[in-house]
Amino acid sequence: MKQLQLFILLLSLFTSPFIIAQNETSIEKELAESHKPNQKIQDSLSKLIKEYNLKIELETDTAKRNLLTLRLDTLWNAKDQNDINQLKLDFDFARKHPNSLKALEIMKINVGRFTGMNFYDTFVEVFQNFSPEVQNSATGKEMSERLKYFKQSKVGSIAPAFTLKDITGQTVSLSDFKEKKYVLIDFWASWCAPCLEELPYIKELYKKYHQQEFEIISVTQDQKADLWKNAIAKEKIESWKHLSVTENKATIDKDYFVYGIPHKVLIDKNGVIIGKWKGSSENNKHELQQLLKSVFEAE
1 MKQLQLFILL LSLFTSPFII AQNETSIEKE LAESHKPNQK IQDSLSKLIK
51 EYNLKIELET DTAKRNLLTL RLDTLWNAKD QNDINQLKLD FDFARKHPNS
101 LKALEIMKIN VGRFTGMNFY DTFVEVFQNF SPEVQNSATG KEMSERLKYF
151 KQSKVGSIAP AFTLKDITGQ TVSLSDFKEK KYVLIDFWAS WCAPCLEELP
201 YIKELYKKYH QQEFEIISVT QDQKADLWKN AIAKEKIESW KHLSVTENKA
251 TIDKDYFVYG IPHKVLIDKN GVIIGKWKGS SENNKHELQQ LLKSVFEAE
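All the letters of the sequence shown, read from the start, carry residue numbers 1 to 299 under full-length UniProt numbering.
Take the hints with a grain of salt, since some may be wrong.
[Unchecked claim] Cut-off 27 Å, straight-line C-alpha distance, at most; resulting in silico cross-link-like pairs (DSS-like, lysine-lysine): (1) K102 / K180; (2) K154 / K236; (3) K108 / K165; (4) K207 / K181; (5) K64 / K102; (6) K178 / K165; (7) K96 / K141; (8) K29 / K50; (9) K96 / K180; (10) K180 / K293; (11) K178 / K293; (12) K151 / K249; (13) K141 / K180; (14) K180 / K79; (15) K96 / K64; (16) K79 / K241; (17) K178 / K249; (18) K29 / K96; (19) K249 / K208; (20) K154 / K293; (21) K254 / K269; (22) K29 / K178; (23) K141 / K181; (24) K208 / K224.
Honestly, the hints are just simulated from the structure, not real lab data.
As the structure is a computational prediction, the values presented were derived from the model and not from experiment.
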């Protein structure tokens, strides 16, 4: 009898990893299937967006060009909503598979994306629903850390403090602006095409509101100082403050939960984050502009 029990124990030890692997493979296939409908919509929208971008580029009539741009904005809105719909399905998927590392992995990927920006509470709820074994795994610990940085950098939180050297060697601290100015932190890089495309728009905001207690701090992720400095000179954006993550050996991008650029954070005079935008889109530009307008009209 004891020999039989020992045999069963040994068998379970050797077969359990195989069973877990089988389950994860099955879960991965299930997840892939759940993504197909939304992926089909995303592919169609991406194709249309590409077509409209080409039409706008070729159109010479201003009125027609504006109409095409409006249509393009609608397509981007639809794409964003489709991504959010998929995220919600992923949340449901993770809830149904609390013992799956694959389900946790998809949560870890989504938590840093644009679509997940307004779902902090849901990410926490879903993560806490995972089994202790999954939560305490290496991926679980990474997810827990991401949630910590997500929490401290989301809208409504006190902005993480920093004291760093700017491009001129002067010290810049976020506390310098408390009770004095609104601060827009713009994470960018000289190699980031969408970041460069937004600079004329950022320059207009600075020109319009700088005299009304508005400051911009650009934070580059460039690895080479000469590329960063050359880009600042070329784009004629010396007017506001510039910091380098690399030059300062800083963690400011991590502290503000930056997983991709452009990434913008608006901080009020009390040091509270009142706006956050990931990626480049007309919607982001419009929201930032409207928020600044409401702030400075109210004062």
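So, going through the hints one by one against the coordinates:
1. K102 / K180: Roughly 47 Å between the alpha carbons, so the hint for K102 and K180 is violated.
2. K154 / K236: At roughly 31 Å apart (the allowed maximum being 27 Å), K236 and K154 break the hint.
3. K108 / K165: 32 Å, violated
4. K207 / K181: 15 Å, holds
5. K64 / K102: 47 Å, violated
6. K178 / K165: 18 Å, holds
7. K96 / K141: 21 Å, holds
8. K29 / K50: Distance of about 30 Å is beyond 27 Å: violated.
9. K96 / K180: 49 Å, violated
10. K180 / K293: 18 Å, holds
11. K178 / K293: It holds: about 20 Å lies between the C-alpha atoms, which stays within 27 Å.
12. K151 / K249: Since the Cα atoms of K151 and K249 sit roughly 23 Å apart, the hinted pair holds (cutoff 27 Å).
13. K141 / K180: Violated, at about 39 Å.
14. K180 / K79: Outside the cut-off at roughly 39 Å; violated.
15. K96 / K64: Violated, at roughly 48 Å.
16. K79 / K241: Violated, at roughly 34 Å.
17. K178 / K249: Satisfied, since the Cα-Cα distance of roughly 24 Å is no more than 27 Å.
18. K29 / K96: 15 Å, holds
19. K249 / K208: The given pair, whose Cα atoms are some 33 Å apart, is violated under the 27 Å limit.
20. K154 / K293: Holds, at roughly 21 Å.
21. K254 / K269: 23 Å, holds
22. K29 / K178: 51 Å, violated
23. K141 / K181: Not OK: K141 and K181 at ~37 Å, beyond 27 Å, violated.
24. K208 / K224: 31 Å, violated
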